[in-house]
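Q: Throughout, my numbering is defined as the position within the first sequence, counted from one, plus 396.
If you're looking for bench data, these hints aren't it; they were derived computationally from the structure.
Being a predicted model, the structure only gives us computed values, none of them experimental.
Cβ atoms here follow ideal geometry from the backbone N, Cα and C, with glycine treated the same way.
A portion of the hints provided could be inaccurate.
As the list claims (entries may be wrong) - Distance condition first, Cα-Cα at most 25 Å in a straight line; then the derived BS3-like pairs of lysine-lysine: (1) 839 x 578; (2) 768 x 605; (3) 651 x 623; (4) 651 x 533; (5) 546 x 854.
Stated by the list, open to error - Here are the simulated distance ranges between beta carbons: (6) 836 x 866: 18 to 24 Å; (7) 578 x 431: 37 to 43 Å; (8) 413 x 832: 34 to 40 Å.
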Amino acid sequence: MAKQDKKNVEAITSMDEDFAQWYTDIVKKAELISYTSVKGCMVIRPYGYAIWENMQRILDGMFKETGHENVCMPMFIPESLLQKEKDHVEGFAPEVAWVTHGGNDKLEERLCVRPTSETLFCEHYAQIVHSYRDLPKLYNQWVSVVRWEKTTRPFLRSREFLWQEGHTIHATAEEAIEETEKMLNVYTKFCVDSLAIPVVQGKKTESDKFAGAVSTYAIEALMHDGKALQAGTSHYFGDGFAKAFEIQYAGKDNKLQYPHQTSWGVTTRLIGAIIMTHGDNNGLVLPPAVAPIQAVIVPAAMHKPGVLEKATELYQQLKDAGIRVKLDDSENSPGWKFAEYEMKGVPVRVEIGPRDIEANQCVIVTRHNGEKTSISLENLIESVHEKLQEVHDGLYQAALENRNKRTYQCRTIDEINQALNEKGDGFIEAMWCGEEACEDEVKAQTGAGSRCIPLEQKQISDVCVCCGKPAKHMVLWGKAY
RNA sequence: CUGGGUGUGGCGCAGUUGGUAGCGCGCUACCUUGGGGUGGUAGAGGCCGUGGGUUCAAGUCCCGUCACUCAGACCA
Numbered sequence: 397m398a399k400q401d402k403k404n405v406e407a408i409t410s411m412d413e414d415f416a417q418w419y420t421d422i423v424k425k426a427e428l429i430s431y432t433s434v435k436g437c438m439v440i441r442p443y444g445y446a447i448w449e450n451m452q453r454i455l456d457g458m459f460k461e462t463g464h465e466n467v468c469m470p471m472f473i474p475e476s477l478l479q480k481e482k483d484h485v486e487g488f489a490p491e492v493a494w495v496t497h498g499g500n501d502k503l504e505e506r507l508c509v510r511p512t513s514e515t516l517f518c519e520h521y522a523q524i525v526h527s528y529r530d531l532p533k534l535y536n537q538w539v540s541v542v543r544w545e546k547t548t549r550p551f552l553r554s555r556e557f558l559w560q561e562g563h564t565i566h567a568t569a570e571e572a573i574e575e576t577e578k579m580l581n582v583y584t585k586f587c588v589d590s591l592a593i594p595v596v597q598g599k600k601t602e603s604d605k606f607a608g609a610v611s612t613y614a615i616e617a618l619m620h621d622g623k624a625l626q627a628g629t630s631h632y633f634g635d636g637f638a639k640a641f642e643i644q645y646a647g648k649d650n651k652l653q654y655p656h657q658t659s660w661g662v663t664t665r666l667i668g669a670i671i672m673t674h675g676d677n678n679g680l681v682l683p684p685a686v687a688p689i690q691a692v693i694v695p696a697a698m699h700k701p702g703v704l705e706k707a708t709e710l711y712q713q714l715k716d717a718g719i720r721v722k723l724d725d726s727e728n729s730p731g732w733k734f735a736e737y738e739m740k741g742v743p744v745r746v747e748i749g750p751r752d753i754e755a756n757q758c759v760i761v762t763r764h765n766g767e768k769t770s771i772s773l774e775n776l777i778e779s780v781h782e783k784l785q786e787v788h789d790g791l792y793q794a795a796l797e798n799r800n801k802r803t804y805q806c807r808t809i810d811e812i813n814q815a816l817n818e819k820g821d822g823f824i825e826a827m828w829c830g831e832e833a834c835e836d837e838v839k840a841q842t843g844a845g846s847r848c849i850p851l852e853q854k855q856i857s858d859v860c861v862c863c864g865k866p867a868k869h870m871v872l873w874g875k876a877y
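Please put together the full structure from these sequences, using the hints given.
A: Given below as structure tokens:
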């Protein structure tokens, strides 16, 4: 038994036993991050950063395709600038970091380290937008921001995190609303096609929307343990920021008017979403589209004549075919390598040894289900492509099944508590009257807060789950990260 | 911010009534190894998060402080 079993158990805490500890084990043992001496600030190690680079590459392509340009704003915001939009500053003030000194001299006005860059974009738009001909501006930036969080967790809630923030400005409200919806769809497509994570699109309730927004849209994902994670947001600002920052343009009719704005973002939190959606007790499981290594070649008996040569040949073939492949010819035993790359979530493993070479074949193992297949070396490239697709589809299906299994439709608060207690945490679909008091009451009594008002509505009942008055929307509720 | 846990070689841990540190993994060298963390021999490596206190004597007791972590409240 026991040797392997024991070592595996020691390597990582079981997710059923302690999900939070399992998560922490994975981020450390898969070498995604390392802690630093500043609370909430982490080193994203090469393997973790490579995942982010792949996400960036894919998303950036999607942004460019929808007409966006990249820019880069400074990281400091003067206090007076942050103050200009009232709701915005109230929302962010409690968690900003301040720069008060330059060298030894106290600054005239303190500078905040950007928690988000709406104010900087607005200041800039006021300078460059004068005519309807200047619109729209479709900007995006890839930067880090700082929010002084109290409780921190790697990827899920760190004090500094990497993200992209899109900021666009349009002549009309219609255009801006269309942009908001378009980017929500871009995020959805990215999560489904690249991360194999199913998401629910919805609108945030008044109490939950972004500080300064008219409306906030979000995609919500359900983690393996039944907790919800906000995976991306897209905000419609109307002309509120434009008015606060005095951005005006002359229309075709030569009348001055206020433009309409949006912003949208996803962060390195998506790496946390991948871990908690696809990971298992052997470690990380990465969706092929963003896996730094898509296939790893493990030679068996690699010092026997011809083995390493053959393995190198396979490596070159796969590499030439555009697959991110690694040949591990280190002195570690094959078994050690198997466990290592499982921990790191490599989607496909290719085993090649003397027996295989003799039969002109190799063994392919898929990470998500451990299935082993012998395939002819003639079909190596096609087979690996097929297997990568299989992993992606398998991951998406499993995540979808978990979500469906953990989505409960409830008519009363008692039903919510019953569902959560009997079946475990998950999404609750229940009706809502639209009153904030009821929203708060549901959370107080069940622990499940409102995640969003799904764009795809269902009629669970006619009355509010809390007060019994006529319902306005179906809300998706859940305990959140 | 509230409440719990933890801080001892690179990592994970032990350290009994206070007497000046021990184990496993990893690491280095050599040998061994055919398919799920291969086996062996010999080495290197720590003043116990940090500041103070009690004591003849502190990893061990007391106070402070910092960090990590877990559960809440808040947020991407």
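Q: Determine for every hint whether it applies to the structure shown.
A: Against the structure, the hints come out as follows:
1. Distance restraint check for residue 839 and residue 578: the Cα-Cα separation of roughly 31 Å exceeds the 25 Å cut-off, and the hinted pair is therefore not satisfied.
2. Of the pairs offered as hints, the one joining residue 768 and residue 605 is violated, with about 47 Å between alpha carbons and a cut-off of 25 Å exceeded.
3. At roughly 50 Å between alpha-carbon atoms, residue 651 and residue 623 are farther apart than 25 Å, so this suggested pair is violated.
4. Between residue 651 and residue 533 the alpha-carbon distance is near 20 Å, which keeps this suggested pair within the 25 Å criterion.
5. Straight-line distance between C-alpha atoms of residue 546 and residue 854 comes to about 37 Å, which puts the hinted pair past the 25 Å bound.
6. Restraint check, residue 836 to residue 866: a C-beta distance of roughly 19 Å satisfies the suggested window 18 to 24 Å.
7. Separation of residue 578 from residue 431 is about 38 Å and conforms to the stated range, judged on CB atoms against 37 to 43 Å.
8. Take residue 413 and residue 832: their Cβ atoms lie about 38 Å apart, and the range 34 to 40 Å holds.
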